[in-house]
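Engineer: Sequence:
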Amino acid sequence: MKNVHIITNKIVEERVKEYCRKIEEKKLKNVKATIQIDRNKISINNKKKLYLEKLKNDEIERNNNILKKKLEHINKREKKDVSVLKQATLQHLSTNKKNFLFENIKKAKIKVEKKKINHVNVNSTLNDNTVIKNVRNIMNK
Numbered sequence: 010m011k012n013v014h015i016i017t018n019k020i021v022e023e024r025v026k027e028y029c030r031k032i033e034e035k036k037l038k039n040v041k042a043t044i045q046i047d048r049n050k051i052s053i054n055n056k057k058k059l060y061l062e063k064l065k066n067d068e069i070e071r072n073n074n075i076l077k078k079k080l081e082h083i084n085k086r087e088k089k090d091v092s093v094l095k096q097a098t099l100q101h102l103s104t105n106k107k108n109f110l111f112e113n114i115k116k117a118k119i120k121v122e123k124k125k126i127n128h129v130n131v132n133s134t135l136n137d138n139t140v141i142k143n144v145r146n147i148m149n150k
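For the sequence shown, position 98 (counting from the first letter as 1) is numbered 107 according to our numbering, and the numbering increases by one without interruption.
Read the hints as simulated data drawn from the structure, not as lab findings.
We put the CB at the ideal spot given by N, CA and C, even for glycine.
Each hint should be verified, as a subset may be incorrect.
Said to hold, decoys possible - Quick list of in silico lysine-lysine cross-link-like pairs, DSS-like style, CA-CA up to 25 Å:
#1 K31 - K41
#2 K115 - K125
#3 K78 - K63
#4 K56 - K41
#5 K26 - K38
#6 K77 - K65
#7 K85 - K95
#8 K89 - K77
#9 K26 - K36
#10 K65 - K79
#11 K88 - K78
#12 K19 - K31
#13 K88 - K77
#14 K65 - K78
#15 K89 - K78
#16 K77 - K63
#17 K79 - K89
As the list claims (entries may be wrong) - Now the in silico label distances, taken between C-beta atoms and shown as ranges:
#18 K88 - L110: 31 to 41 Å
#19 E70 - A97: 38 to 48 Å
#20 L110 - N84: 34 to 44 Å
#21 F109 - K89: 25 to 35 Å
#22 I83 - K120: 47 to 57 Å
#23 A117 - L94: 30 to 40 Å
#24 N18 - I44: 41 to 51 Å
Based on the sequences and whatever the hints tell you, model everything.
Structural biologist: Written as structure tokens, this is what we have:
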């Protein structure tokens, strides 16, 4: 808000209004456009800013490439580790399976041998019983 002067005289009031109007005109004349009208002209500061921005972008791109290579290396290593782990587990499973089969075959052979032995023993005991019975029958006659 403008300074309000209490003026009793009309002539002094006119002078104050004129003075305020001149001040406003000077301010309006001194106002300059903030937009550059010259398009061809690039200031030195802008060139420096562009150069620094380019350097910054180049460094960011270089760092991104380094990180990308590291991630690819890690992924390859993980895939290799997974494949090696799979092979190891498959080999372990196959050896376990072979051992399991071998043990089962061994157990089956032992069972068959025991059955044969039991069968032979049963037959021999039966034969012994029949011989004893025959001997008894002969004695009783």
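Engineer: Look at each hint and say if it fits the structure.
Structural biologist: Outcome of the hint check:
1. K31 - K41: holds, 18 Å
2. K115 - K125: holds, 15 Å
3. K78 - K63: holds, 23 Å
4. K56 - K41: Judged against 25 Å, a Cα distance of about 24 Å means the pair holds.
5. K26 - K38: It holds: about 18 Å lies between the C-alpha atoms, which stays within 25 Å.
6. K77 - K65: holds, 18 Å
7. K85 - K95: holds, 15 Å
8. K89 - K77: The hint holds at about 18 Å.
9. K26 - K36: Holds. K26 to K36 sits at ~16 Å (cutoff 25 Å).
10. K65 - K79: holds, 21 Å
11. K88 - K78: holds, 15 Å
12. K19 - K31: At roughly 19 Å apart (the allowed maximum being 25 Å), K31 and K19 satisfy the hint.
13. K88 - K77: holds, 16 Å
14. K65 - K78: It holds: about 20 Å lies between the C-alpha atoms, which stays within 25 Å.
15. K89 - K78: Between K89 and K78 the Cα gap is close to 16 Å, so the pair holds against 25 Å.
16. K77 - K63: holds, 21 Å
17. K79 - K89: Holds, at about 15 Å.
18. K88 - L110: 31 to 41 Å: holds, 32 Å
19. E70 - A97: 38 to 48 Å: The hint (38 to 48 Å, Cβ to Cβ) holds, given that E70 and A97 are roughly 40 Å apart.
20. L110 - N84: 34 to 44 Å: holds, 38 Å
21. F109 - K89: 25 to 35 Å: holds, 30 Å
22. I83 - K120: 47 to 57 Å: holds, 54 Å
23. A117 - L94: 30 to 40 Å: holds, 34 Å
24. N18 - I44: 41 to 51 Å: The hint (41 to 51 Å, Cβ to Cβ) holds, given that N18 and I44 are roughly 46 Å apart.
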